[in-house]
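Chains as they are written, first to last, in this note's numbering: chain A, 1 to 290; chain B, 1 to 319; chain C, 1 to 512.
Treat the hints loosely; a few may be bogus.
Stated by the list, open to error - Derived pair list, reagent style DSS-like, types lysine-lysine, alpha-carbon separation capped at 25 Å:
no., chain 1, residue 1, chain 2, residue 2
1, A, K277, B, K67
2, C, K352, B, K67
3, B, K123, A, K277
4, C, K282, A, K47
5, C, K352, C, K339
6, A, K9, B, K127
7, A, K192, B, K127
8, C, K209, A, K47
9, B, K224, A, K9
Since the hints were derived computationally from the structure, they do not count as laboratory data.
Just so it is clear, the structure is predicted and the values come from calculations on it, not from any experiment.
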Amino acid sequence: MIKQTIGEKLFQTANYIFLTLAAFTMLLPLLHLLAVSLSSPVAADSKEVFLWPVGFTLASWKHILQSSGLWQSFVVTVFITVVGTALSMLFSVLTAFPLSRREFMIRKQVMLGIVITMIFNAPMIPFFLTVRELGMMNSIWSLIIPGVIGTFNMVILRTFFMSLPKELDDTARIDGCHDFRILFQIYLPLSKPVLATVSLFYAVGYWNTFQRAVLFLRDPGLWPLQMKLRAYLTSPEELAQVNMFLGDYNFNTTTLKAATILFASVPIILVYPYLQKYFVKGSLLGSLKE
Amino acid sequence: MAELSETSKLQPGVTVNRAVKPSYLGNIRKHWMLYVMILPGILFYIIFKYIPLGGSVIAFQNFQIMKGIWSSPWVGLDNFKFIFTYQDFYHVLRNTALIALYKLVIGFPAPILLALLFNEVRKMLAKRFLQSLFYLPHFLSWVVVGGIVFEVLASGGFVNAVRGWFGFEPILYMQQEQYFRPIVVLSSIWKEVGWGTIIYLAAVSGIDPTQYEAAVMDGANRWKQTIYITLPALFPTILTLFLLNIGNFLELGFDQIYNLLTPMTYSVGDIIETYVYRSGVLQGQYSVTTAIGLFQSVIGFILLWVFNRLARKSGEGLW
Amino acid sequence: MRKQLTRKMLMLMLSLAMLLAAGCGSATTNSGNDGGNGEGSGGAVKVKVFKSHMGVGSLPTADNPHVKYIAEQTGVQYELITTPPGSEPSEYLNLMIASDELPDILRPIGGIEQTLIQQGGALPLDELLPEYAPHVWESIPQEAWDIVRSASPDGKIYYVPKVFLVPERAPLIRQDWLDKVGMEMPKTTDEYVELLTAFRDKDPNGNGKPDELPTSGREFGRWMDHLFAMYGVAMWEGYPEWDEYDGKIQYAGTTENMREAIKFIRMLYVEKLLDNETFLNKGEVWQAKINNNLVGSWYHLPANVRDRYNAMLTQAPDAYIAAMPLPKAEGFEAFVTQKSMGEPEWMIPATKQDNAPNALKLLDFFYNPENDEFGRFGLEGEQHEVQDGRKVILPPADNKPLALGMKNLTTAEDMNKRIEETYPEDQQQMVKDMFEVSTADARQIAGDGLPASVYEGFPDIQSHKLFQEVLTKIVIGELPIEAYDEYVKKWNASGGEVVTQRVQEWYEKVRK
Numbered sequence: 001m002i003k004q005t006i007g008e009k010l011f012q013t014a015n016y017i018f019l020t021l022a023a024f025t026m027l028l029p030l031l032h033l034l035a036v037s038l039s040s041p042v043a044a045d046s047k048e049v050f051l052w053p054v055g056f057t058l059a060s061w062k063h064i065l066q067s068s069g070l071w072q073s074f075v076v077t078v079f080i081t082v083v084g085t086a087l088s089m090l091f092s093v094l095t096a097f098p099l100s101r102r103e104f105m106i107r108k109q110v111m112l113g114i115v116i117t118m119i120f121n122a123p124m125i126p127f128f129l130t131v132r133e134l135g136m137m138n139s140i141w142s143l144i145i146p147g148v149i150g151t152f153n154m155v156i157l158r159t160f161f162m163s164l165p166k167e168l169d170d171t172a173r174i175d176g177c178h179d180f181r182i183l184f185q186i187y188l189p190l191s192k193p194v195l196a197t198v199s200l201f202y203a204v205g206y207w208n209t210f211q212r213a214v215l216f217l218r219d220p221g222l223w224p225l226q227m228k229l230r231a232y233l234t235s236p237e238e239l240a241q242v243n244m245f246l247g248d249y250n251f252n253t254t255t256l257k258a259a260t261i262l263f264a265s266v267p268i269i270l271v272y273p274y275l276q277k278y279f280v281k282g283s284l285l286g287s288l289k290e
Numbered sequence: 001m002a003e004l005s006e007t008s009k010l011q012p013g014v015t016v017n018r019a020v021k022p023s024y025l026g027n028i029r030k031h032w033m034l035y036v037m038i039l040p041g042i043l044f045y046i047i048f049k050y051i052p053l054g055g056s057v058i059a060f061q062n063f064q065i066m067k068g069i070w071s072s073p074w075v076g077l078d079n080f081k082f083i084f085t086y087q088d089f090y091h092v093l094r095n096t097a098l099i100a101l102y103k104l105v106i107g108f109p110a111p112i113l114l115a116l117l118f119n120e121v122r123k124m125l126a127k128r129f130l131q132s133l134f135y136l137p138h139f140l141s142w143v144v145v146g147g148i149v150f151e152v153l154a155s156g157g158f159v160n161a162v163r164g165w166f167g168f169e170p171i172l173y174m175q176q177e178q179y180f181r182p183i184v185v186l187s188s189i190w191k192e193v194g195w196g197t198i199i200y201l202a203a204v205s206g207i208d209p210t211q212y213e214a215a216v217m218d219g220a221n222r223w224k225q226t227i228y229i230t231l232p233a234l235f236p237t238i239l240t241l242f243l244l245n246i247g248n249f250l251e252l253g254f255d256q257i258y259n260l261l262t263p264m265t266y267s268v269g270d271i272i273e274t275y276v277y278r279s280g281v282l283q284g285q286y287s288v289t290t291a292i293g294l295f296q297s298v299i300g301f302i303l304l305w306v307f308n309r310l311a312r313k314s315g316e317g318l319w
Numbered sequence: 001m002r003k004q005l006t007r008k009m010l011m012l013m014l015s016l017a018m019l020l021a022a023g024c025g026s027a028t029t030n031s032g033n034d035g036g037n038g039e040g041s042g043g044a045v046k047v048k049v050f051k052s053h054m055g056v057g058s059l060p061t062a063d064n065p066h067v068k069y070i071a072e073q074t075g076v077q078y079e080l081i082t083t084p085p086g087s088e089p090s091e092y093l094n095l096m097i098a099s100d101e102l103p104d105i106l107r108p109i110g111g112i113e114q115t116l117i118q119q120g121g122a123l124p125l126d127e128l129l130p131e132y133a134p135h136v137w138e139s140i141p142q143e144a145w146d147i148v149r150s151a152s153p154d155g156k157i158y159y160v161p162k163v164f165l166v167p168e169r170a171p172l173i174r175q176d177w178l179d180k181v182g183m184e185m186p187k188t189t190d191e192y193v194e195l196l197t198a199f200r201d202k203d204p205n206g207n208g209k210p211d212e213l214p215t216s217g218r219e220f221g222r223w224m225d226h227l228f229a230m231y232g233v234a235m236w237e238g239y240p241e242w243d244e245y246d247g248k249i250q251y252a253g254t255t256e257n258m259r260e261a262i263k264f265i266r267m268l269y270v271e272k273l274l275d276n277e278t279f280l281n282k283g284e285v286w287q288a289k290i291n292n293n294l295v296g297s298w299y300h301l302p303a304n305v306r307d308r309y310n311a312m313l314t315q316a317p318d319a320y321i322a323a324m325p326l327p328k329a330e331g332f333e334a335f336v337t338q339k340s341m342g343e344p345e346w347m348i349p350a351t352k353q354d355n356a357p358n359a360l361k362l363l364d365f366f367y368n369p370e371n372d373e374f375g376r377f378g379l380e381g382e383q384h385e386v387q388d389g390r391k392v393i394l395p396p397a398d399n400k401p402l403a404l405g406m407k408n409l410t411t412a413e414d415m416n417k418r419i420e421e422t423y424p425e426d427q428q429q430m431v432k433d434m435f436e437v438s439t440a441d442a443r444q445i446a447g448d449g450l451p452a453s454v455y456e457g458f459p460d461i462q463s464h465k466l467f468q469e470v471l472t473k474i475v476i477g478e479l480p481i482e483a484y485d486e487y488v489k490k491w492n493a494s495g496g497e498v499v500t501q502r503v504q505e506w507y508e509k510v511r512k
């Protein structure tokens, strides 16, 4: 390893300090929420809690983890996230690939047509009526199909495909590969970082489904997590589900809200660290030698 | 056409000079798989984007919900006239444009810079750990983050506490016009910069390490490496993201501003979306809100068109 | 190899296509079940009811005991439709209208009643009410029906109004703080200022810190109505109302009264008698300040005091809340704004005319005094439990079905009963006393029942944007009080004059 100059060492240290401090500020709100969710209701309300629980209690967590409605919406959300992401990735890749190929003659026109839809948004009522006409009212598919291709994500895939070296194509053509094979056997294996990234984007999008659910779902049994969360945040007394006369309970709306927010965000937050292994340098290395 | 392809097969590496005008049918026949692949996508865009988009005509109607789109009366450009003659329209437009500009100039480069800083972190574990922390605020809603901003800037909040150490009187930042836009931009960066780096980090990981090794041989320090290798490699991604964002230039999004706005900062912070909320939601004026949306989209599209042309010169545009 | 891959891809695509088709298909079975006038179980007629803001719970099905009980009593089986909590109910309603899937009877939100009325979508109820809903017809005062008539262009009754005959809101004050600083209820604004000063300086919450906020409100200048009320300004939750000034009905937000009130509030702000962060207090923050024994005087609903009071008690066992009789400001008549009978509660869409008699029968059931107890408590084991001989309402839960209630008429008697049911014995008198005080000060305003259509075309007048700006900026000191006069001019010029004219025309109709 080449020795670093003083300047570089200084920079490294400064960089570390800056990044760590900044990262800490990003962590603070969630730590605070965690602390509140584990605190006694009195402490939570009187603003005593900062980063550490005061009057430690698991009551809030016990209460929401016992809520069957919350688990049901959790299952719904996991379903639409997994299925949605899979379908979205499939169709986005299938759309992005031809648009990245020079041989695809109508690509500029199609791109323009697609980009226009990204800028010009349909008003809510016509969109609603369209989905309704297709018979997707009150169906879980209404949360997936009307948005299965996200233009932003699809364009990212396209850009990446376009950045792969042309030599790959030529080699493939020599070997007599047709387009499908080029995509699935050559391009995709080399696209792991961008596939991981776009999958993450889709997954987060599906996990946070709210607007569409409000429009199309009538059955509370189909509500995704974010709808439940919103319901609890706006009518927290119901979340508390206790009658004032029925005695002791070691939580209140503040602590329950904190716990619910965490419950609704932590699972998806944990996806990225899992995907980090795909962000490995030099994934293109050696591809040309094949 | 079939003849031509035969020729290219026999002579690998030779670029065929296409003096013959290519025909669409021939292209479809040769690359039919590409057309099949893209078919579901095209269907999707037609069904779920273009058909509902037709409903935008209500911007030219006096949309009455009981009559529906087909029977509501047409008013031509009246809705647009209504918008442009609204006495605070230019205020609202100016606020929107200024905040959008600040966000673009400061907020757009921020994730790039951060990605470059991350790139300099040597220890893999530290890098991954820090990255994972940085994107946490993205998952909080603006209701929560707005509350945090108010708390941090309150008279008893963190910022004023620190000022107190130096003997300064507390300032109620959220009530002062001059602080509003900076607060909007900074809080937006805090919330989104970590998330924004993900795509750049993915792009960076695709750079061939041998390039760096060669540069080091040539005596380039990290700074030169960054400028001559990393940044150029990131350029297509940066360009694409820029183009994707510029089309929505005037669409700042409702949540952030709504949760940070107070009547004392209306004059600098009231944007198109909050105006639409007041007139759309409160008055059920679907026609007006659709007209405003069209206006935002047209401006965005013009910007995109211009930048796309520029992009084509220095690389690839979106089309 | 090549063929295998292609085949694999085609298989994948086919199976996906089938999956999608299955998804689309299964959805349609749901939509087959809603026929509005269908026969319910046991021969009862079905009525679809839309009511928003029902909180957490599942939708009751046809065999739900609550539904069945009502079906037995009235021959009408209700089907409840509600919005997900936290979403915009007006959007929901608009979608229902746009897709022609209206319920048989609905509670309008967000001004949609005017949309329906003006576009001919509402059913006139003049003849139907006396015939099919006699209890509704008779228990609502004629005055209210007149107001309802005035809200429509043709003078017909298009909705059943909400009637609330006790003042909903009141200025509240910490009686224990008064005792601690040894002062009496203030009778004039000067005495009020003295009291607030004592709150500020004499540490009535006893924690040794000068953290008291003598009085406080919420962002946008909301919920400090009492400070305006002392100057005779008609105000509802921080939004100026329409009332008679100088013999004509006017916007309270542009009157001389308002000017004086703002001067007063500015003074309180400077002296730190008014929480200097009042305009930054989000709802929860304001509530927390009150609950944490930091605020001495505020404005809210006496009926909802229970949770706050319990929170206060945890740290201040001597806490006691009383309603404050409004102190008099020199030259002005103070009053607590009461809006009792204008808001629309139930409407029937014109297209659902055929089922209207049944819908009204259902509504009438709840307004029948014999069913009062049922309306309040529901069925034993389902909605309530009996504990120590008292009926106690069971808490709502995700998987518990919601129970429909349709009566929104509150008399003083009803309020008393409500207090007795929801408050522990030792707190009941405290709350009842509050109502006594506020009732003495309350006055119905001229603008009670004003239809939202008067604001059409002027969203900024309707949203009170100009008022909020000038109020907050003058109070925090950014603008001098003279800015008020400019604001009045601007308000009039940007639509205020037009709206005022419309309101005055409406008022003429009502007074006849």
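A quick look at each hint next to the structure:
1. For the given pair, A/K277 sits about 56 Å from B/K67 by alpha-carbon distance, which is inconsistent with the 25 Å threshold.
2. Between the alpha carbons of C/K352 and B/K67 the distance comes to roughly 16 Å, so the proposed pair stays at or under 25 Å and holds.
3. Taking the CA atoms of B/K123 and A/K277, the gap is near 15 Å; set against the 25 Å cutoff, the hint holds.
4. For the proposed pair C/K282 and A/K47, the alpha carbon gap of about 15 Å is at most 25 Å, so the pair holds.
5. Restraint check: the Cα-Cα separation between C/K352 and C/K339 comes to about 30 Å, which exceeds 25 Å; the hinted pair is violated.
6. Only pairs whose Cα atoms come within 25 Å are accepted, and A/K9 paired with B/K127 is accepted, the gap being roughly 17 Å.
7. Between A/K192 and B/K127 the alpha-carbon distance is near 19 Å, which keeps this suggested pair within the 25 Å criterion.
8. For the suggested pair C/K209 and A/K47, the alpha carbons sit about 15 Å apart, so the restraint of at most 25 Å is met.
9. A hinted pair counts as satisfied when its Cα atoms are at most 25 Å apart, and B/K224 with A/K9 qualifies at roughly 16 Å.
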